[in-house]
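*Asks:* Chains A and B are the protein sequences, given in the same order.
Numbering-wise (numbering that gives the first Met the number 0), the first sequence opens with residue 0 and increments by one.
Numbering-wise (numbering that gives the first Met the number 0), the second sequence opens with residue 0 and increments by one.
Mixed in with the good hints there might be a few duds.
Unchecked claim - Using 30 Å as the maximum straight-line C-alpha spacing, the simulated DSBU-like pairs for lysine-lysine come out as follows:
#  : chain 1 : residue 1 : chain 2 : residue 2
1  : A       : LYS224    : B       : LYS92
2  : B       : LYS92     : B       : LYS114
3  : A       : LYS165    : B       : LYS57
4  : A       : LYS187    : B       : LYS224
5  : B       : LYS137    : A       : LYS57
6  : B       : LYS187    : A       : LYS190
7  : B       : LYS179    : A       : LYS39
8  : B       : LYS190    : A       : LYS137
9  : B       : LYS114    : A       : LYS187
10 : A       : LYS26     : B       : LYS172
11 : A       : LYS114    : B       : LYS165
12 : B       : LYS137    : A       : LYS145
13 : A       : LYS68     : A       : LYS175
14 : A       : LYS113    : B       : LYS92
15 : A       : LYS145    : B       : LYS113
16 : B       : LYS175    : B       : LYS92
17 : A       : LYS114    : A       : LYS172
18 : B       : LYS165    : A       : LYS92
19 : A       : LYS137    : B       : LYS187
20 : B       : LYS145    : B       : LYS57
21 : A       : LYS145    : B       : LYS165
22 : B       : LYS165    : A       : LYS68
23 : B       : LYS179    : A       : LYS114
24 : A       : LYS114    : B       : LYS145
25 : B       : LYS114    : A       : LYS137
26 : B       : LYS26     : A       : LYS165
27 : A       : LYS145    : B       : LYS114
28 : A       : LYS92     : A       : LYS3
If you are wondering where the hints come from, they were derived from the structure by calculation, not from laboratory data.
2 protein chains.
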Amino acid sequence: MEGKLYGVGIGPGDPELLTLKAVRLMKESDIIFVPGTSPKETVAYQITVQAVPELAEKEVIAIPMPMSKDLRLLEETHERGAQTVAQYLREGKTCAFLTLGDPTVYSTYIYIHKKILERGLEAEIVSGIPSFCAVAAKMGISLTEKAEELHVIPAIYQIEEGMEQKGTKVFMKVGKRSQKLRQLLQEKNAKAVMIENCGMPGERIFSSLEEFPDEVGYYSLVIAKEGN
Amino acid sequence: MEGKLYGVGIGPGDPELLTLKAVRLMKESDIIFVPGTSPKETVAYQITVQAVPELAEKEVIAIPMPMSKDLRLLEETHERGAQTVAQYLREGKTCAFLTLGDPTVYSTYIYIHKKILERGLEAEIVSGIPSFCAVAAKMGISLTEKAEELHVIPAIYQIEEGMEQKGTKVFMKVGKRSQKLRQLLQEKNAKAVMIENCGMPGERIFSSLEEFPDEVGYYSLVIAKEGN
């Protein structure tokens, strides 16, 4: 009988933000897949092993998932990843593929998921805490109240048009766009906070627009609210 | 010494989607607050007691949180709720206030949170899985990929202007707007799914726009993707 794949969201970095379901599935799985190249050095492994020490005894396999806008490179990488995962599923193994945050929000897991289903194999998505919820919690602010809308915008692609949205704006993967984002938000008289590497080593918090540096790491996230 | 309040997101309904932190804080708390009127009949209690049986032995206190657009009624209700919570904090009690989904996304907890901080007392937000992530996981679809934006729109307030957004649209609290929403999405040639009472008793899934009934319950959520 073929095995089943679970795409497990492990949340934003704090091991205590793992769900009970994520912990159970990691314990029950024969194989743990993590995005990266060196299994036990990946961020996903280092977060989860703190809550699930049993992982240290499991077969942990790294699946390369480069960050790239090169669609052909991405497709090749995902295809190779899916082949590896499918092979274990066909051997009847229960597999957990760990992914930071939530698997449905800008995760690379979703491409593996689709390719596994296309092969007629079974796969299930298991929700994790998305980074923007964790950042709002850490800053003690709400994302949305009453009639407010929430807009989540990948900053590496577009920020100018996102600027026109009403309600709360979340810019993800800020990186090199930090300076431009600060400038545009200042023109809008917005209030904003930024966190780099939320819940992970190297976390930095910038509580106001004025504090935003010109450049930050890829895993930086801005929450912007309309000015008064 | 004064106690501390934890605003604990309990996720969308499945007790296994509680985080480890939520479980620990419920076990450690002296007092458990739940939104509603009859403590052990509230949705929050009935979800969490399945994962944390110790709750049955705790002091569980219901805080009325009516759904209303009457701002004055809401303000009075939140003020009374905050007074009750503050009283226990001043007695040195550790308190957990349970809230469905995530406390930063359209939760009523956030008003209690602000009022507790205003009184100089300590409060912390603990993230939970937001309903839209759980729905996407259940339907096996992504919310956002690559450059896609995500727009979360409270359907009880506005749907017409939300219709113009690019990327993925999540309409929350659909209720009586179901028929109008179906019509507008059909005009846009969008693809959409709806879940009523996700992860709770009475869950119903509508896998395509054509299946959307004219009216659904308040806890209904639509995920709409741009048509081709």
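*Asks:* Determine for every hint whether it applies to the structure shown.
*Replies:* Now for the hints, and whether the structure bears them out:
1. LYS224/A to LYS92/B: violated, 34 Å
2. LYS92/B to LYS114/B: This hinted pair holds, its Cα atoms lying about 17 Å apart.
3. LYS165/A to LYS57/B: Answer violated: LYS165/A to LYS57/B is near 42 Å, above 30 Å.
4. LYS187/A to LYS224/B: Within the cut-off at roughly 29 Å; holds.
5. LYS137/B to LYS57/A: holds, 27 Å
6. LYS187/B to LYS190/A: violated, 33 Å
7. LYS179/B to LYS39/A: violated, 51 Å
8. LYS190/B to LYS137/A: Violated. LYS190/B to LYS137/A sits at ~35 Å, over the 30 Å cutoff.
9. LYS114/B to LYS187/A: holds, 29 Å
10. LYS26/A to LYS172/B: violated, 36 Å
11. LYS114/A to LYS165/B: holds, 26 Å
12. LYS137/B to LYS145/A: It holds: about 26 Å lies between the C-alpha atoms, which stays within 30 Å.
13. LYS68/A to LYS175/A: holds, 15 Å
14. LYS113/A to LYS92/B: Violated, at roughly 48 Å.
15. LYS145/A to LYS113/B: Holds. LYS145/A to LYS113/B sits at ~15 Å (cutoff 30 Å).
16. LYS175/B to LYS92/B: Cα-Cα ~41 Å, so violated.
17. LYS114/A to LYS172/A: Given that 30 Å is the threshold and the Cα spacing comes to 25 Å, the pair holds.
18. LYS165/B to LYS92/A: Between LYS165/B and LYS92/A the Cα gap is close to 40 Å, so the pair fails against 30 Å, i.e. violated.
19. LYS137/A to LYS187/B: Violated - the C-alpha atoms of LYS187/B and LYS137/A are around 38 Å apart, more than 30 Å.
20. LYS145/B to LYS57/B: Given that 30 Å is the threshold and the Cα spacing comes to 46 Å, the pair is violated.
21. LYS145/A to LYS165/B: Within the cut-off at roughly 22 Å; holds.
22. LYS165/B to LYS68/A: holds, 20 Å
23. LYS179/B to LYS114/A: Status violated; Cα separation ~36 Å.
24. LYS114/A to LYS145/B: With Cα atoms ~17 Å apart, LYS114/A and LYS145/B stay inside 30 Å; holds.
25. LYS114/B to LYS137/A: At roughly 18 Å apart (the allowed maximum being 30 Å), LYS137/A and LYS114/B satisfy the hint.
26. LYS26/B to LYS165/A: Violated, at about 40 Å.
27. LYS145/A to LYS114/B: The hint holds at about 17 Å.
28. LYS92/A to LYS3/A: holds, 7 Å
Violated hints for the displayed structure, listed by number in ascending order: 1, 3, 6, 7, 8, 10, 14, 16, 18, 19, 20, 23, 26.
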